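J.: Next come the chains, spelled out residue by residue.
Protein chains: 2
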Amino acid sequence: MHSPYGLELTRTCEQCPQKGENFFCNLSKSTCKALDSIKFTSGYPKGAVLFVEEEMPRGIFVLCKGRVKLSMTSSEGKTVILRIVQPGEVLGLHAVVSARPYQASAETLEPCQVNFIRRDDFLRFLSEHAEASLRAAQHLSGRYQAACEQIRSLGLTHSASEKLARFLLESSLKGQETKLGVRVRLTMTHEEIGQVIGTSRETVTRTLSDFKSKHLVAVNGSTLLIPNKSALETFAGA
Amino acid sequence: MHSPYGLELTRTCEQCPQKGENFFCNLSKSTCKALDSIKFTSGYPKGAVLFVEEEMPRGIFVLCKGRVKLSMTSSEGKTVILRIVQPGEVLGLHAVVSARPYQASAETLEPCQVNFIRRDDFLRFLSEHAEASLRAAQHLSGRYQAACEQIRSLGLTHSASEKLARFLLESSLKGQETKLGVRVRLTMTHEEIGQVIGTSRETVTRTLSDFKSKHLVAVNGSTLLIPNKSALETFAGA
DNA sequence: GACGAGATGTGATCTTCGTCACACATCATT
DNA sequence: AATGATGTGTGACGAAGATCACATCTCGTC
Chain U
1 MHSPYGLELT RTCEQCPQKG ENFFCNLSKS TCKALDSIKF TSGYPKGAVL
51 FVEEEMPRGI FVLCKGRVKL SMTSSEGKTV ILRIVQPGEV LGLHAVVSAR
101 PYQASAETLE PCQVNFIRRD DFLRFLSEHA EASLRAAQHL SGRYQAACEQ
151 IRSLGLTHSA SEKLARFLLE SSLKGQETKL GVRVRLTMTH EEIGQVIGTS
201 RETVTRTLSD FKSKHLVAVN GSTLLIPNKS ALETFAGA
Chain G
1 MHSPYGLELT RTCEQCPQKG ENFFCNLSKS TCKALDSIKF TSGYPKGAVL
51 FVEEEMPRGI FVLCKGRVKL SMTSSEGKTV ILRIVQPGEV LGLHAVVSAR
101 PYQASAETLE PCQVNFIRRD DFLRFLSEHA EASLRAAQHL SGRYQAACEQ
151 IRSLGLTHSA SEKLARFLLE SSLKGQETKL GVRVRLTMTH EEIGQVIGTS
201 RETVTRTLSD FKSKHLVAVN GSTLLIPNKS ALETFAGA
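If you read the sequences in order, they're chains U and G.
FYI, in the working numbering the residues of the first sequence are 1 to 238.
FYI, in the working numbering the residues of the second sequence are 1 to 238.
Careful: at least some of the hints might be erroneous.
[Said to hold, decoys possible] Restraint-style ranges between C-beta atoms, simulated for each label pair:
no., chain 1, residue 1, chain 2, residue 2, range
1, U, S75, G, Q176, 27 to 33 Å
2, U, T73, G, P111, 42 to 48 Å
3, G, G43, U, P45, 56 to 62 Å
4, U, K179, G, S42, 50 to 56 Å
5, G, E110, U, S74, 32 to 38 Å
6, G, K212, U, P45, 50 to 56 Å
7, G, Q176, U, K29, 52 to 58 Å
8, U, S37, G, G77, 51 to 57 Å
9, G, P111, U, Q176, 41 to 47 Å
10, U, S222, G, G221, 54 to 60 Å
11, G, E76, U, S222, 53 to 59 Å
Note that these hints are calculated values from the structure, not bench results.
Bear in mind the structure is a predicted one, so any value in this text is a computation, not a measurement.
Don't be surprised by glycine CBs; every beta carbon is placed ideally from N, CA and C.
Go ahead and model the full structure; you've got the sequences and the hints to work with.
T.: So, in structure tokens, the structure goes:
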């Protein structure tokens, strides 16, 4: 199987934001080659669904381009967003490794390019390449840690403002330092932010306005500026 | 290093509740032996602290006997309980694998017997035994799934009664079917239950009383009886 | 530039739970 | 039996935030 994206997985590593920290970074050449030989590359339009919760795992997805929303929905229609998946990250690894249903649904937020690896191909690959198993374990550790952070945010905060402050600070890690403070692109709607931190859309709007009036943040289109990080931190009660 | 508990880890498997599903179950003999040669066995009294959050991981802990509370605490003293660790389970694996600080604190609830494996010994062991890496990945998957469930419980439920109902149903999985319904030993205080599901102690007390009066549950000392599981399920909105 | 869809801002209620305050129960220890 | 420490039951109260109901605002598309 020769795709037009030969060695895509390994090249992905150089493009992705968290250089060197992803599943497919720094694997040996032979391991990379083995991976490349079992992957399927495909594109999805915006709003496409890669998988839904409860479904048995067909395989893992490696996001090459675009962003994917990973979320859980209750029977009453309420939604929690687990995370927004960035290029270079892997989707569905835990379900495949543990052979249990996906717990979340994955939906593209933009046109995406994705590599897919079938469940049995991937499991065979893992058992044949020890370094990949270890990498998988490391990757899953990271996911677990992030999940714990979200538990902390949902379960350990009193107020909505605390949650939002934490969320903004968390987001700002991906931003850039400037003279005026940390600058981040925030591509999520208030509704989506609410679904991450567990509050209603209106509360996000109100609390954010409140932050603006207190000059803790400044918003300009989709860019967010945090002029005084430590002020926001004390507000986050951390 | 020859401990008086020769092959303790593998024997643990036979005693533990989730037979065959734990980290050290069904590993090859040579792998087990390698594990046994790097472990340290020790006992802890009730209330002992194995590790605290933020601390860098010294190694992993395998619980042989007793129960351990895994929890996170906020600066204001609020607490979330991630889970109660049962015999046969592993503690601190994610921190060791990802070389990041523990995210939770571990405190014994009873006198415990624990096997400890030093960080570098364990990592070397993983790299030398491919099957163990894979097992580690599987174990971490399980932890991740449980964390997602807790996120669902904390973020996706409207009411306290929904949370409690879910918690009771979740607990009842470990219980026994009887003529009168499912019977479980519930060794947690209302306070602790509140810390798991994210409500105050009083709310747990009140909601549980409410369930009793509606004959959804019956409590007798530390045993809980769920006469009509499906009634409780509809109440949990699941 | 007009339209429409989605995102955001804001006010007015209404509910649920957290908090405080204490009474009572249970159990181990002396 | 007396004591104290923990756990449990219950009322009163208030505050935070969900919900509802609109009024803008923004932006892509025709």
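J.: Decide, hint by hint, whether the structure agrees.
T.: Evaluation of the provided hints:
no., hint, result
1, U:S75 to G:Q176: 27 to 33 Å, "holds (28 Å)"
2, U:T73 to G:P111: 42 to 48 Å, "holds (43 Å)"
3, G:G43 to U:P45: 56 to 62 Å, "holds (59 Å)"
4, U:K179 to G:S42: 50 to 56 Å, "holds (54 Å)"
5, G:E110 to U:S74: 32 to 38 Å, "holds (36 Å)"
6, G:K212 to U:P45: 50 to 56 Å, "holds (53 Å)"
7, G:Q176 to U:K29: 52 to 58 Å, "holds (54 Å)"
8, U:S37 to G:G77: 51 to 57 Å, "holds (54 Å)"
9, G:P111 to U:Q176: 41 to 47 Å, "violated (52 Å)"
10, U:S222 to G:G221: 54 to 60 Å, "holds (58 Å)"
11, G:E76 to U:S222: 53 to 59 Å, "violated (33 Å)"
In summary, the structure is inconsistent with hints 9, 11 from the numbered list given earlier, while agreeing with the others.
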